[in-house]
Structures are given as C-alpha cells and as structure tokens.
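Chemist: Single-letter residue listing:
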Amino acid sequence: MSDIEKTKEDINIDDFLFDGDEVQEIEDLREIDERDKKNLLMAGIDLEEKERSGTFLHINHSKAHCKTCTPGVEVLDIKEALDKYDSLPEYYWQAVDPKKDKYTQAVFEKLHGGYFIKTEKGAKIDKPIQSCLFIKKDKVGQNVHNIIIVEEDSELHIITGCSVAHDVKAALHLGISEIYIKKGGKLTFTMIHNWGPEVHVRPRSVCIVEEGGVFLNNYILLKPVKSAQLYPTIYLNGTGAVSTSNSILVAPPGSYLNVGGRMILNAPETRAEIISRTITTGGTIVAPGHIQGNAVPVKGHLECKGLILKDGTIHAIPELEGTVAGVELSHEAAVGKVAQEEIEYLMARGLDEDEATSTIVRGFLNVDIMGLPPELKQAIDQTIEEAGEDMF
Amino acid sequence: MLQIQDLHVEIRGREVLKGVNLSIEKNETFILFGPNGSGKTTLLMTIMGFSNYKVTKGKIIFKGHDITYAPTYERARLGIGMSFQRPPTINGLKTRDLVRLCSRGRKIDVGLLAKKVNMEEFLDRDINQGFSGGEIKRSELLQLMAQQPKLLLFDEPESGVDLENMALIGQVAKELLGQGLQPSPEASMKKLKQLREVSGLIITHTGYILDYINADRGMVMYNGRLCCEARPRDILEHIRKYGYKECVRCLI
Numbered sequence: 000m001s002d003i004e005k006t007k008e009d010i011n012i013d014d015f016l017f018d019g020d021e022v023q024e025i026e027d028l029r030e031i032d033e034r035d036k037k038n039l040l041m042a043g044i045d046l047e048e049k050e051r052s053g054t055f056l057h058i059n060h061s062k063a064h065c066k067t068c069t070p071g072v073e074v075l076d077i078k079e080a081l082d083k084y085d086s087l088p089e090y091y092w093q094a095v096d097p098k099k100d101k102y103t104q105a106v107f108e109k110l111h112g113g114y115f116i117k118t119e120k121g122a123k124i125d126k127p128i129q130s131c132l133f134i135k136k137d138k139v140g141q142n143v144h145n146i147i148i149v150e151e152d153s154e155l156h157i158i159t160g161c162s163v164a165h166d167v168k169a170a171l172h173l174g175i176s177e178i179y180i181k182k183g184g185k186l187t188f189t190m191i192h193n194w195g196p197e198v199h200v201r202p203r204s205v206c207i208v209e210e211g212g213v214f215l216n217n218y219i220l221l222k223p224v225k226s227a228q229l230y231p232t233i234y235l236n237g238t239g240a241v242s243t244s245n246s247i248l249v250a251p252p253g254s255y256l257n258v259g260g261r262m263i264l265n266a267p268e269t270r271a272e273i274i275s276r277t278i279t280t281g282g283t284i285v286a287p288g289h290i291q292g293n294a295v296p297v298k299g300h301l302e303c304k305g306l307i308l309k310d311g312t313i314h315a316i317p318e319l320e321g322t323v324a325g326v327e328l329s330h331e332a333a334v335g336k337v338a339q340e341e342i343e344y345l346m347a348r349g350l351d352e353d354e355a356t357s358t359i360v361r362g363f364l365n366v367d368i369m370g371l372p373p374e375l376k377q378a379i380d381q382t383i384e385e386a387g388e389d390m391f
Numbered sequence: 000m001l002q003i004q005d006l007h008v009e010i011r012g013r014e015v016l017k018g019v020n021l022s023i024e025k026n027e028t029f030i031l032f033g034p035n036g037s038g039k040t041t042l043l044m045t046i047m048g049f050s051n052y053k054v055t056k057g058k059i060i061f062k063g064h065d066i067t068y069a070p071t072y073e074r075a076r077l078g079i080g081m082s083f084q085r086p087p088t089i090n091g092l093k094t095r096d097l098v099r100l101c102s103r104g105r106k107i108d109v110g111l112l113a114k115k116v117n118m119e120e121f122l123d124r125d126i127n128q129g130f131s132g133g134e135i136k137r138s139e140l141l142q143l144m145a146q147q148p149k150l151l152l153f154d155e156p157e158s159g160v161d162l163e164n165m166a167l168i169g170q171v172a173k174e175l176l177g178q179g180l181q182p183s184p185e186a187s188m189k190k191l192k193q194l195r196e197v198s199g200l201i202i203t204h205t206g207y208i209l210d211y212i213n214a215d216r217g218m219v220m221y222n223g224r225l226c227c228e229a230r231p232r233d234i235l236e237h238i239r240k241y242g243y244k245e246c247v248r249c250l251i
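First to last, the sequence lines map onto chains A and B. According to numbering that gives the first Met the number 0, the first sequence is numbered sequentially starting from 0. According to numbering that gives the first Met the number 0, the second sequence is numbered sequentially starting from 0.
No lab work stands behind these hints, which were simulated from the structure alone. Heads up, a few of these hints could be off.
What the hints assert, rightly or not - Distance ranges between label pairs, derived from CB positions:
#	chain 1	residue 1	chain 2	residue 2	range
1	A	LYS120	B	GLY159	51 to 61 Å
2	B	THR55	A	ALA338	22 to 32 Å
3	A	ASP310	B	GLU245	53 to 63 Å
4	B	GLN128	A	HIS314	22 to 32 Å
5	B	ASN51	A	GLU33	47 to 57 Å
6	B	LYS56	A	ALA338	21 to 31 Å
7	B	GLU185	A	GLU331	51 to 61 Å
8	B	LYS190	A	LYS36	54 to 64 Å
Claimed, not checked - In silico DSSO-like links for lysine-lysine, alpha-carbon gap of 30 Å or less:
#	chain 1	residue 1	chain 2	residue 2
9	B	LYS93	A	LYS304
10	A	LYS376	B	LYS114
11	B	LYS53	A	LYS309
12	A	LYS376	B	LYS106
13	A	LYS78	A	LYS66
14	A	LYS298	B	LYS93
15	B	LYS115	B	LYS173
16	A	LYS168	A	LYS376
17	B	LYS93	A	LYS126
18	B	LYS53	A	LYS336
19	B	LYS93	A	LYS309
20	A	LYS376	B	LYS93
21	B	LYS93	A	LYS185
Stated by the list, open to error - Which chain B residues stay away from chain A? Per the calculated CB distances, all over 12 Å, these:
#	residue
22	GLN4
23	ARG13
24	ILE23
25	GLU24
26	LYS53
27	ILE60
28	HIS64
29	ASP108
30	SER158
31	MET165
32	ALA166
33	GLN170
34	PRO184
35	THR205
36	TYR211
37	TYR241
None of these values were measured; they are calculated from a predicted model. All C-beta atoms, glycine included, are put in the ideal place defined by N, C-alpha and C.
Excised from the complex, chain A in its bound form (with noise of 0.2 Å):
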C-alpha cells in the first residue's frame, strides 16, 4: 500500500466525541425524525417493523429502541447481554483480538452498546432482524460490539444497516463484530452502509462456522463516505462449512474505500466464494480478496469486477493461499469500463448510449444474489437508480 494511502486511511480518534451522547430510549420508531426516517429506510430498516422479527437500534452512545417478538431468538443490548450472561466468556473477544488496531482496542477500552443476537438451537426465524447503528451529532465518535450466536441447526437472517442524521457532517464508527454459526446453523448478514460524506468507518468483523454451517455475507454501499475500511475474515472451521460473500460497492468522487475480506478453508469439503463488484465515479476503491485453503477438498473462488466509469481508482488484490496439496482456489478479477460491444448491442435495439450505459451498469450491480426481502430490494434498486442518475 502506498504512503498515501495509508495517510488517508488514519484516522486521529481523538477529533472526535466519545463521551456524553446517550438518547432516550423510542418507544416507537414511527417518532423518528421524518429527514432521518429517508436514511434509515436506505440502510434496510422497517420502521412499520411488519415485516421483522426484532429491532436493534443504537444511536451515538447509547441503545436506542430494542423489541423481539419472535420465540426462539434474543435481541439484547451488548451490555445487557454481558450482565445476564456472565460476560460471554466464550464469545466476548473470542473471535477478535482487542489488540489488532487502535481502532479496536478504542472499542476494547471504551464501550457504547452495540447488539447481542441469539437464536436457539433448531430454531428457524424466518423475518429477518433488523438492527441500526445511528450517529445523530457532529462529531460523534461510536464504539459498538456486535456479538451474533446462531445456534445449531437455526436459521437466521440479519439485516444491519448504518447510517447518520440528515445534518451531521463528520463522524467516526468504530464497530466489531464477533459471528459465531454453530453446527448445521445458517445465517444471513447483510449490511447496509449510508454514512455521509465526511463520516469515516472502521468495523473489524470476524465469523466461526462450525460443520455444515453456511454464512452469506452481504455487503453494499452506494452512497459516499470519506472512508471506510473493511475485512471481513471469516473461519470455516468444521466439515462442509460454505460461506459467500457478496459486495456491491460504488465509490463517488470523495469516496475511499478499502473493502475485501478473507476466507479461511481450515475443514475437508468446505467452500468459499468471495465476489464484489465495485463501481468507481470518481472515488478511490481497494478490494482485497484473500482465500487461504488449509484441508483438502475444500474450493474457494474470488471474483473481482471493477468498472472505472470516467475518473477514479480501483485496486483489485486477489489473493489465494493454499497450504496442502489438492485444493481448488481459483479467481478472476477485471477492472476497466463498460464494454463498448454491450453499449452498442443495446444501442441496436434503440437505447441510446446513457441508457445503454445505465442499463449495463444496473445489472452490473445486481442485489438479486443476496436474497433480500422485496421490499428492501426496491429501496436498494431505488438508490442505485438515483445513484446512476449522478453517474453519467
């Protein structure tokens, strides 16, 4: 990584606020902030709540709103959830070393709240769970600790969107995420950024599956911010174990983003599949990809697309790392612009060349993998629409 880069991704956490800024706890989440209301409902939240099993939401310093009304799941605060649960001595910092960054040891010191979700064994929960971390005031600096436990043979599907108030101009989210998907569990995650333009984000994520787990990790971000910096590692620890990582990333001019994540094969017949596609229009994008096979048979593929449109930078890294004989790691990565054959195919069918375009860069960025309910997949399509609208 070049000396500039490693500037813009540093971040002094002292500019920012960490002490003073708990809220009252909503009742009701149909009394936010109309002008906040629009941001959430870009970052995946229900606010009519229909359509979820519970609701997590977290705002500057403090938790929010919390409710589940399903059996067979737990929505908790982070520290509600570590006074019931002695501690959570086998997942509290289990996953991730507090020592890995200032970042992380920043959240280790000092803790504001963040989410404690778990389902019981067999349980499967078929409305997702929504959960928000918010910023509402200048300057905030957030520490949050997510803990997620999907217990054997459940069956979960979490959306987690971030976002910040309509007038908040710069802001610092630090989050860590610690997933733990027992045997013969599933869990989908799918996360939702739409910070601001000035808002910096660090969240460290780390999830174990244990055998025949599967773990879809979704991730998108369309809208700007001033950084974001993700890696994601996920272990694959017992036999057939699957995980998926799906990103759709769009990087404005302002924009940077170092976003990738890493699979860790340590199990015969487990399988993991990395694919992002990434979208720059003036902004600066990394994408690491890293698959480290360690048993055999294990598969990993890594797919890595880029389109550069006019101006802006995208690094494509894909890694692959094997360590036995007899793995099967593959990747294919491509950065560069719409394909001219493409525009003019659509062109022959009368579209002219920002139709064609828009309609390339559309599928391009297609949600349809994620599995993501309707609702929230029209808002997402909504986003990309308007995004697009800024795009050529």
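Let chain A serve as the given structure and place chain B on it in line with the hints.
Modeler: What follows is chain B alone, placed relative to chain A:
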C-alpha cells in the same frame, strides 16, 4: 426503403467494402451470398452503424433519411433491426427486461412473444448467459418481435441451429418479414400488406432459410463488391454446383 450508393468501408485501416451499390424496396426480401471474409457481415454492421466500421465514401439512405453517419440507436428507432450472430452476455440484465426495452414503451405481452419462440424459461435468465446457438437465435428473434423493425438484418439464421430449431426460426423470421399473412374479416390481404411494410436483408451460406421465407432477389458479395444478381434459388444452385469461381470472372 434502403439505398446504398458506392459504399466504401474500412475496418482498422483496411478497406473491406469497395463500392457497394444496393437497393431494397418495401416488402422486398434480399439475400446476400458470398464466401467467408467477403464483406457480408461488414455490410450489415455498417448499415447498423457500429463503431469499428468506418465509411470512407458513399451513402446509406433509409426511408429517405441519410443515415450514413447516424448513431446506431437512431437507425434502430427509424426501424432497422438486426439479429446478432454472437451477441454479448450482459450480466444482471434479464432477457425479459431487455425484451421490454426493445419495445420502447409500446405495449407488448412478453410472455406470449416468448412462447412463440419457446423462450419462456429464459426470460428470467441473464441475456445470452450460456445460451446455445439455437437459443441465441430465438432470443434475438424475441427481441426483434418486440422491436418490430421495418428492415430486418439477419446474419446467418441457420448457423449453429439444429433442424427442429431451424423450422421455428424460419417461421418466426417469415412472420417478422410480414410474410404468410392470413386473410381476416377485418382487413383485406391488400390492406394487411400495406399495414406491414417490412423488408429484409439476409445473409445465408446454406440457403436453408429459403425453405421458409419468400426471397425476391439475391446477390453475391465477393471481395467487397456485389455481383451476379439473380433469383436467390438460382444463385444457390449455381454456388452448390460451381462454387464462387464464376463470381470472380463476372467481377473482372
């Protein structure tokens, strides 16, 4: 409908069409024969206006408009439609959505059109993703049915297609060309013909398509020039017997 006058075309600095003159009338279907590399596909691509095909001399007039340098989408909107030989895959663009885009806001029943070409199962797949030769042809015809062109450009309808698909493709092509109209109580045949004024320019090697459509005239493209105008079936019979040798003599 279409007039081409002394058309010279270069691809990356190399002259491929060396003075082509061709005129296709309303409701006329014209067949283009010729060996590989003679410039047939180049002619179609130039009529459609693709970027690699540079007109250095001559004119293309379509329905009275000089389209020699018009952008591709304007030609499409004027009524030129083309069936691609090797169309690109567009990830994330469903066949259904592309068919709808082809209709440019006209009301169409995508499901019904798809049924005609046996493509219902492909509507929710990404366009051209893993399509076989026959599937590509059927998908192209499906898009053209939605587009309803006035001039149909069809590059080798039979390539990569098995016999069963050939019959289907032949019938749909015939329909697109406004041939095989059925008399109806509402309108006389004459009236129906006036309503549908469609011309065709079709490239064929094997001539199988001639079993399905009525072709009026044909010519042979040889080394960037047109020659030997005759009835398509006669040209085909001649080529089968003697190959393209005679065309060379006729061009000298």
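Chemist: It remains to establish, for every hint, whether it holds in the given structure.
Modeler: Results for each hint:
At about 54 Å, the CB distance of LYS120 of chain A to GLY159 of chain B agrees with the hint of 51 to 61 Å. Distance hint for THR55 of chain B and ALA338 of chain A: a CB-CB separation of about 26 Å, consistent with the stated range 22 to 32 Å. The given range of 53 to 63 Å is respected by ASP310 of chain A and GLU245 of chain B, whose C-beta atoms sit roughly 57 Å from each other. The hinted window of 22 to 32 Å between GLN128 of chain B and HIS314 of chain A holds, with their beta carbons roughly 28 Å apart.
The hint said 47 to 57 Å for the Cβ distance between ASN51 of chain B and GLU33 of chain A, and at roughly 53 Å that hint holds. Evaluation of the 21 to 31 Å hint for LYS56 of chain B and ALA338 of chain A yields a pass: the beta carbon distance comes to about 30 Å. Remark: the range hint 51 to 61 Å for GLU185 of chain B to GLU331 of chain A is upheld by a beta-carbon distance near 56 Å. Taking 54 to 64 Å as the suggested C-beta distance range, the pair LYS190 of chain B and LYS36 of chain A conforms, at roughly 59 Å.
Restraint check for LYS93 of chain B and LYS304 of chain A: satisfied, since their Cα atoms lie roughly 19 Å apart, inside the 30 Å limit. With a CA separation close to 29 Å, the supplied pair LYS376 of chain A and LYS114 of chain B stays within the 30 Å bound. With a C-alpha separation of about 25 Å, the suggested pair LYS53 of chain B and LYS309 of chain A falls inside the 30 Å cut-off, and the hint holds. In summary, the hint linking LYS376 of chain A to LYS106 of chain B is supported, as the alpha carbons are separated by about 26 Å, within the 30 Å threshold.
In summary, the hint linking LYS78 of chain A to LYS66 of chain A is supported, as the alpha carbons are separated by about 15 Å, within the 30 Å threshold. Only pairs whose Cα atoms come within 30 Å are accepted, and LYS298 of chain A paired with LYS93 of chain B is accepted, the gap being roughly 29 Å. As the CA atoms of LYS115 of chain B and LYS173 of chain B are separated by approximately 13 Å, the hinted pair is consistent with the 30 Å bound. A C-alpha spacing of about 28 Å is found between LYS168 of chain A and LYS376 of chain A, which places the hinted pair at or below 30 Å, so the restraint holds.
Between LYS93 of chain B and LYS126 of chain A, the direct Cα distance comes to roughly 27 Å. Compliance with the 30 Å bound is thereby established for this hinted pair. At most 30 Å may separate the alpha-carbon atoms for a hinted pair to count; LYS53 of chain B and LYS336 of chain A meet this at roughly 23 Å. A threshold of 30 Å between alpha carbons decides the hint, and for LYS93 of chain B with LYS309 of chain A the separation of about 26 Å falls inside it, so the pair holds. Taking the CA atoms of LYS376 of chain A and LYS93 of chain B, the gap is near 16 Å; set against the 30 Å cutoff, the hint holds.
A C-alpha spacing of about 29 Å is found between LYS93 of chain B and LYS185 of chain A, which places the hinted pair at or below 30 Å, so the restraint holds. At roughly 23 Å from the closest C-beta of chain A, the C-beta of GLN4 of chain B stays outside 12 Å, upholding its exclusion from the interface. The beta carbon of ARG13 of chain B is kept farther than 12 Å from every beta carbon of chain A, the shortest such distance being approximately 20 Å. At the 12 Å boundary, the C-beta of ILE23 of chain B stays outside the reach of chain A, the nearest C-beta of that chain being 19 Å off.
Taking the minimum C-beta to C-beta distance to chain A, about 23 Å, the non-interface status of GLU24 of chain B holds against the 12 Å cut. With a cut of 12 Å on Cβ distances, LYS53 of chain B stays outside the contact zone with chain A, its closest approach being about 14 Å. The claim that ILE60 of chain B lies off the interface holds: its Cβ sits roughly 19 Å from the closest Cβ of chain A, which is beyond the 12 Å cut-off. Its beta-carbon lying about 15 Å from the closest one in chain A, HIS64 of chain B satisfies the requirement of being farther than 12 Å from that chain.
Here ASP108 of chain B stays apart from chain A, with its beta-carbon at least about 18 Å from theirs, past the 12 Å limit. Even its closest Cβ contact with chain A, about 18 Å, leaves SER158 of chain B beyond 12 Å, as expected for a residue assigned away from the interface. With 12 Å as the threshold on Cβ separation, the claim that MET165 of chain B sits away from chain A holds: the shortest Cβ distance comes to roughly 24 Å. Remark: the non-interface label on ALA166 of chain B is consistent with the geometry, its nearest Cβ contact in chain A lying 26 Å away (cut-off 12 Å).
The Cβ of GLN170 of chain B sits about 22 Å from the closest Cβ of chain A, beyond the 12 Å cut-off, so the non-interface label holds. Listed as a non-interface residue, PRO184 of chain B keeps its Cβ farther than 12 Å from every Cβ of chain A; the least gap is roughly 34 Å. Every Cβ of chain A is farther than 12 Å from the Cβ of THR205 of chain B; the closest lies at roughly 25 Å, confirming the non-interface assignment. Annotated as non-interface, TYR211 of chain B keeps its C-beta farther than 12 Å from every C-beta of chain A; the closest such distance is 24 Å.
Annotated as non-interface, TYR241 of chain B keeps its C-beta farther than 12 Å from every C-beta of chain A; the closest such distance is 36 Å.
Hint compliance for this structure: no hint is broken.
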